[in-house]
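S.K.: Chain C is fixed; fit chains Y, Z, B, S and V onto it per the hints.
Residue numbers (the numbering used here), protein chains in the order written: chain C, 1 to 340; chain Y, 1 to 340; chain Z, 1 to 340; chain B, 1 to 340; chain S, 1 to 340; chain V, 1 to 340.
Hints listed in this document are in silico derivations from the structure and should not be mistaken for laboratory results.
Bear in mind the structure is a predicted one, so any value in this text is a computation, not a measurement.
There may be inaccurate statements among the hints.
Copies of the same chain look alike in the list, so a pair counts if it works inside one copy or between any two.
[Said to hold, decoys possible] 25 Å max Cα-Cα, derived DMTMM-like pairs, lysine to aspartate or glutamate:
(1) K196 <-> D71
(2) K178 <-> E301
(3) K196 <-> D98
(4) K196 <-> E96
(5) K135 <-> D246
(6) K293 <-> D88
(7) K135 <-> D279
Number of protein chains: 6
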Amino acid sequence: MTADLTLRPADECRYDALALGEVMLRLDPEDFRIRTARSFRVWEGGGEYNVVRGLRRVFGLRGGVLTALVDNEVGHLVEDFILTGGLDTSLINWVESDGIGRTARNGLNFTERGFGVRGAVGVSDRGHTAVSQMKPEDLDLDHIFGDLGVRWLHTGGIFAALSEQSARTAIAVVQAAKKYGTVVSYDLNYRPSLWKAIGGRARAQEVNRELAPLIDVMIGNEQDFTDALGFEVEGVDENLTNLEADMFASMIEKVAAAYPNFRVIATTMRGVRSASSNDWGAIAWSAADGFVKSAQRDALEIFDRVGGGDSGGHVHGHEEGSPEAGRRRRRARRPVIIDV
Amino acid sequence: MTADLTLRPADECRYDALALGEVMLRLDPEDFRIRTARSFRVWEGGGEYNVVRGLRRVFGLRGGVLTALVDNEVGHLVEDFILTGGLDTSLINWVESDGIGRTARNGLNFTERGFGVRGAVGVSDRGHTAVSQMKPEDLDLDHIFGDLGVRWLHTGGIFAALSEQSARTAIAVVQAAKKYGTVVSYDLNYRPSLWKAIGGRARAQEVNRELAPLIDVMIGNEQDFTDALGFEVEGVDENLTNLEADMFASMIEKVAAAYPNFRVIATTMRGVRSASSNDWGAIAWSAADGFVKSAQRDALEIFDRVGGGDSGGHVHGHEEGSPEAGRRRRRARRPVIIDV
Amino acid sequence: MTADLTLRPADECRYDALALGEVMLRLDPEDFRIRTARSFRVWEGGGEYNVVRGLRRVFGLRGGVLTALVDNEVGHLVEDFILTGGLDTSLINWVESDGIGRTARNGLNFTERGFGVRGAVGVSDRGHTAVSQMKPEDLDLDHIFGDLGVRWLHTGGIFAALSEQSARTAIAVVQAAKKYGTVVSYDLNYRPSLWKAIGGRARAQEVNRELAPLIDVMIGNEQDFTDALGFEVEGVDENLTNLEADMFASMIEKVAAAYPNFRVIATTMRGVRSASSNDWGAIAWSAADGFVKSAQRDALEIFDRVGGGDSGGHVHGHEEGSPEAGRRRRRARRPVIIDV
Amino acid sequence: MTADLTLRPADECRYDALALGEVMLRLDPEDFRIRTARSFRVWEGGGEYNVVRGLRRVFGLRGGVLTALVDNEVGHLVEDFILTGGLDTSLINWVESDGIGRTARNGLNFTERGFGVRGAVGVSDRGHTAVSQMKPEDLDLDHIFGDLGVRWLHTGGIFAALSEQSARTAIAVVQAAKKYGTVVSYDLNYRPSLWKAIGGRARAQEVNRELAPLIDVMIGNEQDFTDALGFEVEGVDENLTNLEADMFASMIEKVAAAYPNFRVIATTMRGVRSASSNDWGAIAWSAADGFVKSAQRDALEIFDRVGGGDSGGHVHGHEEGSPEAGRRRRRARRPVIIDV
Amino acid sequence: MTADLTLRPADECRYDALALGEVMLRLDPEDFRIRTARSFRVWEGGGEYNVVRGLRRVFGLRGGVLTALVDNEVGHLVEDFILTGGLDTSLINWVESDGIGRTARNGLNFTERGFGVRGAVGVSDRGHTAVSQMKPEDLDLDHIFGDLGVRWLHTGGIFAALSEQSARTAIAVVQAAKKYGTVVSYDLNYRPSLWKAIGGRARAQEVNRELAPLIDVMIGNEQDFTDALGFEVEGVDENLTNLEADMFASMIEKVAAAYPNFRVIATTMRGVRSASSNDWGAIAWSAADGFVKSAQRDALEIFDRVGGGDSGGHVHGHEEGSPEAGRRRRRARRPVIIDV
Amino acid sequence: MTADLTLRPADECRYDALALGEVMLRLDPEDFRIRTARSFRVWEGGGEYNVVRGLRRVFGLRGGVLTALVDNEVGHLVEDFILTGGLDTSLINWVESDGIGRTARNGLNFTERGFGVRGAVGVSDRGHTAVSQMKPEDLDLDHIFGDLGVRWLHTGGIFAALSEQSARTAIAVVQAAKKYGTVVSYDLNYRPSLWKAIGGRARAQEVNRELAPLIDVMIGNEQDFTDALGFEVEGVDENLTNLEADMFASMIEKVAAAYPNFRVIATTMRGVRSASSNDWGAIAWSAADGFVKSAQRDALEIFDRVGGGDSGGHVHGHEEGSPEAGRRRRRARRPVIIDV
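If we strip away everything but chain C, and leave its shape as in the complex, we get (with noise of 0.2 Å):
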């Protein structure tokens, strides 16, 4: 699949791609529940930031990380993860501790990965994060897009989603990268925990439609496409199948005339059969080359699903090893950020 995406010479750009969102320390119990729990294994983890890591690990590109981070023993054991990740740590916005927490926080995911019938659960502690509270004014917008240069930039409906200024963040930065001509891709993820204290799914709606008519590349599965950005389609549940499929493309073409920017639209569908059991498909439309089906894995093995309502790119799972290691996940926006 080849979508008619025009990127910025290599030659011209530091960055192949840039990620803006949070990046949380994932504190695993491996084998346990958390709640009994006497040890955690952690390693570091975001929506947005997953795609680019996966980028710079498994393709080799140049990557970096838009985020902020409180500048004490937490925040830079994320450093430590984003350096492991191949990501250049030089944009990271260092903000002051206070000792305490209150003013600064630094995000934390407890998340545990479920066994057979037992599902994955966790605890999402973000409150307060040094990066909910970034403002574009902490970004040197015109220096990075214009001077160093970027070819791709990936954010989504979760960093949008951290607080009332994160979504504000992201349409300044969004706005900046399309000013320098970078391409632009969106992941809706829309999460009703996050929204519902700052206003909720219409609030949700009302950011999503600002962005999108900036954005090149939409990702997004059909819950999404309703909830966050209010397109309606009928008869389709979370586990899609192939009739499903077909509806939902139906709603991705209302979708793509509405938004005739989208260039590719994006998504995956994934069938629970239990923590440790997942089928699993995707589908992607472009305006070059219409809809392409990924290859349908029925009953694929898993060893850790966190993430997967996340982020359309944790590649890097099954490519280096961590724990999503056996998951073999290759959205279709895959190649073509690979045609990046």
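M.R.: The following block gives chains Y, Z, B, S and V in isolation, referenced to the frame of chain C:
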């Protein structure tokens, strides 16, 4: 040492001792440093809580804790540890989770032990916690101190500094305890970082001076009496020598004169040779017996000193094999409380 | 399912449920085999105990355990786990240690999980335990069932088989419970190895027939009813199919006729595909409602089946993240006990 | 030091050295305490066995062990460790399992290391073991010492105290060894807890006095010579100083006079500063050369002292990296045995 | 199945079975991937060695290994594992270390297990090993096969491919074995990467054809017979179905005709569904009985398939709890060797 | 201390510092010994590399490494660690894998820490590595030092001793660095085992004398100056006392006279009390300021001394929590390099 403390009869009281304070999840990178860790061992801790936990597990007293937790997986992990600590969990104030940690969180404490010339460092991630928002009316104080009965209440300056609310809550709970004849101990534990945003040293002294007339057993090092209560003592630095102990004694006499309600005043005196070796001693004064000194232990091998600045009662460390093992910390107030 | 069981009022009783049984230290080599292991993860377990632990941690009931432990470090480790289990430890009968384990020991249970075609195996090291020597007079039965009050007592055929003494103790405790109106459940759990040296199948039937007229809720698989109680049923093998379930139902009807005091009779039906995959179902009969069947779950992913033969109540596994996680074991008696 | 010991020619003997004793499974909670542990590292150990294991792994001698194990998974785990120890397992007396541990068990030894001011503690769970029931006729002594050939036999007072039977077995095995010209060493190792139920100190002396005339190399500290053999020495306490060493020397002279068959008498002298720091020295006397003293090592860093009281030959610790590593324990008898 | 193999009497032979081959240190990142691992679990392995280790630990035969190791810490770690494997280490050829690994090294094998759709991958770091340089004159072959006596020798195409020297050594050792009446089995195990630099497929066939007339029991899959010995068979791919098994059978008949000295020819047939699920079967032909097929096991749960391509005898995996546990791999030659 | 070193302007240079050297995988058995280990923790290390890693992670400089790795899973694991170290990986020379390790390997370093009287030991498995075969033409030296720009190059006597090729490569790279104005530091680090097979001490001196006139900052202990460069000093042994420090100073003056191009000469002075306790000091001379001594630290607690003999810059140990934590190693050249 036998202080002239009059305790309520044991058979009238469901609790030998209650703590009022925060219970945090401690995250320990074991032999490694936080900023390069890949896993954390966890357990619970809190300056006020640790004292009553030690009374339960080392001495068999019936204890409980007045605290609040968010009703999510991390909150229930802390509850799991409190159960292991043998304390009654029925007085915990459970607060609904918003799924994100904006409205209320559970406190976290990342701390590494240090080794040799490298000292212990950590991140206290305790802003916006449920317990910092706990109000007197969240606790049925008349039922607890009146109907159920409590022989001893322990709280301190860390809890009082969590927020403007917690200072008010501390005062209200101590007043309720005194109303029903409960003995009250208080550990001054002055922490500038906690007070900074809510009035600083001046507000700390205001709160502590309001509480002091209600306290039976007052605990603190010389810095605490100076910063948290406003007494001045000359020529004393952090690591008290015997000479300094004499000077500290003279300050205690001033304190005892100012607050004749204090039945016992106690402190530890720690000399830090390295993260792995400390000198340790303790001194206590009681209205009944005057001064008593503990055995002086020089060049004590240290496994993990966490809590050394938090509380005076982590006796459970060396008695129960928790990572504090190796420290023999028996503050002077220990024998007093044993007398309960 | 609502059985016609009349329970004592909750506010008259300190305990919603007590278990009478052994609490062993389980030693688990995790992914490895016992005979080549280099470390063991440990926790506690016991056929009767597990039921009440689940009632406490999953459903919040107030529970305790009637058992005995040797007063040494291993005994206190078991106590540490019982505290974590949320059960009252004040009824534990502590027995003096001889320093060697000749006169009395604590029970140990080394068990490996199995994987695929390799089944679980283990070593039950429970001879000469303190609990096998526990006499009725070691427990203040009138105080416990009379003064303190107990709504439900759970015990079973494993405890009764620990020694000739334990059979007599089981009878005496059940009699005391009935005297004060406590509902009694009993899990037949026939174990030939335990009975072998103390009278075999004949003695097992003798003991169980003495107990049966006192039991309100009787649990057992078809083998248990045959071996432990002496009922015969034809054409039923270990892995019950639906057809076999019907045949089991006809046996239950015979059992109900023979012991009209049984208000509920229940069992699980497990089909072992491999150590990692089981079919699972359950069936219960009550005097009030006749037969009820659980949802049938085929090809359930298994993490650790330990306890599958021990007891019907290890609900805590999948609810608390212990190594049993992954099994969704809800025997038919569960809903009954929830009704407590 | 060269003792005037005449050994059988190596090419006539299949074994350079055999141990007669118990091999237990040691369970070690590593940095934690037994009573709050969640996992144990395991390996094997035994006062008499350790000596011959060291001779095999450090000095390359051909060794084996006369012992008994129950034929279950734990017994085979101990066998797995004996194989790793390089000792011949063909002489092990395998006893059938009853599935429960009533008739015969394998010995277990839970021990924590201690740290700083907290000393090592443990639970010796060795009642009713197979080896304590081992009879001379379970071993084909004429075949072992006659046909196969053994140059050196090592046993001691721990094995002799396991039961009334084991005392008789020890005597019979030592007699068989002497009959075929095998040199015999014996470590007195007096343990009151082991003897308590089978005749106490009086019976210990009776057994040891029956064995002593058959022993070539006698090992023990001053307490051992007093309690286990009935010699008296004044003014010597547990931690021998140089002065005390002189007094110990005079006792040895008395011992040598009483038992002219002793070719070598040896002991270690340990001063315990803390669980993490010991002073260490050793002294030996031989008929040929009189007294020899080892280098004195003060303030030796201790990793794990287990076995310090058990046996004199745990050389394998510091040579093989087992948890005893860090201790350089070379008792005076070492060079003697090397001369084998 | 009883092959018409005539074995030397057991009482004339010190060894029931010897392996000639490399013993490598296996490094396993457990649940993780090599390229992102932070720790490795280690043990030993080798295609030829594993067969004899299994014979010792599963069936109790007296075994040893003809191999070479560098005399450094890693070499002694491998020796430690061989001792645990129960094999005689006295025939190991110890080679002096140059401190750097230029002149001779010990072989290492980093392998990750794979999970689900991600296959196993690894790094074989076995260049310049001591064993690849081992010459016939480094072994006292007349003493080993003549004086000591060996009933069975197992070697194979991996050892023969280690270097030009090892091919010559393999031939010389097999000749010596035959000279003294030892039965010889050989696993073809064709590895292109090993042969590439020393003559490729042509040289492999040359070596194997020189060895074949001396072999009693020949093992190999269809690819092995084709590549390593030069037989052609049509229409057979890697995962043999029943149909293909028939075709394989016809090839075996050709092989048996070409080498009438083969008493047994055997292979396994593995179908890889995913890294976690394999179909497994085996087929064997003997001169005495014709064809025998094992039970076919479909969708076998796989824990770790390492060695699946290395050797036909890793029986020790599922019997001893090593990470191969879960695989029930009983090649047809197993029963034959049991008949020894 | 401010040395009169003229550095290229930072904004002309992409790299503040480059290392030329090998990066090995370190395998650490943690508390155990290599020869009895069952697992290894891993990370990366190398005498020259460690210096630049420290400059990046402790002081924030922009660094990279000139090295070669085989393109297999182990090579990518080393790359994963270099990323975590924050160094640019784009200059790594990737060499094709032959699948076996005959033509080129990645270097491995098994090292155990030692404890108390047991010293650290290890196995350096670095023969036939890709980096030992790296030629100047494998690196685009004019592009690196000319176009990209490098302010400081650090290399040393370990890299130069890897092979005859690496000595030639070291000379060529240093010449290229000097051609473009890059400051060059060199750590003599004489290792007899590395030089033994490629000309010994005589060849080492030849190589070092060819390099010395190009070096700005020369590092080495007194043994290094003697063995690696041919200077003689009397009366100095391995553990320098203050007196010896004076004698070392007089040797440095001779060295400075012989090589007037040296702007700084520096060394550490380590006294080994035990594996767990060292005395530590450092001394430096600069043309500008004469001699400077570090603070002397006696009886420093040691966690892991690995690298102590390798390089002078493992600052990252105690700053980043790697296992070297606990050592505060700030050689005199540190402040110089900070001045960069």
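S.K.: For every hint, state whether the structure bears it out.
M.R.: Here's how the hints hold up against the structure:
no.	hint	in the structure
1	K196 <-> D71	between (29 Å within a copy, 18 Å between copies)
2	K178 <-> E301	neither (40 Å within a copy, 49 Å between copies)
3	K196 <-> D98	between (28 Å within a copy, 9 Å between copies)
4	K196 <-> E96	between (28 Å within a copy, 14 Å between copies)
5	K135 <-> D246	neither (41 Å within a copy, 55 Å between copies)
6	K293 <-> D88	neither (33 Å within a copy, 38 Å between copies)
7	K135 <-> D279	neither (40 Å within a copy, 49 Å between copies)
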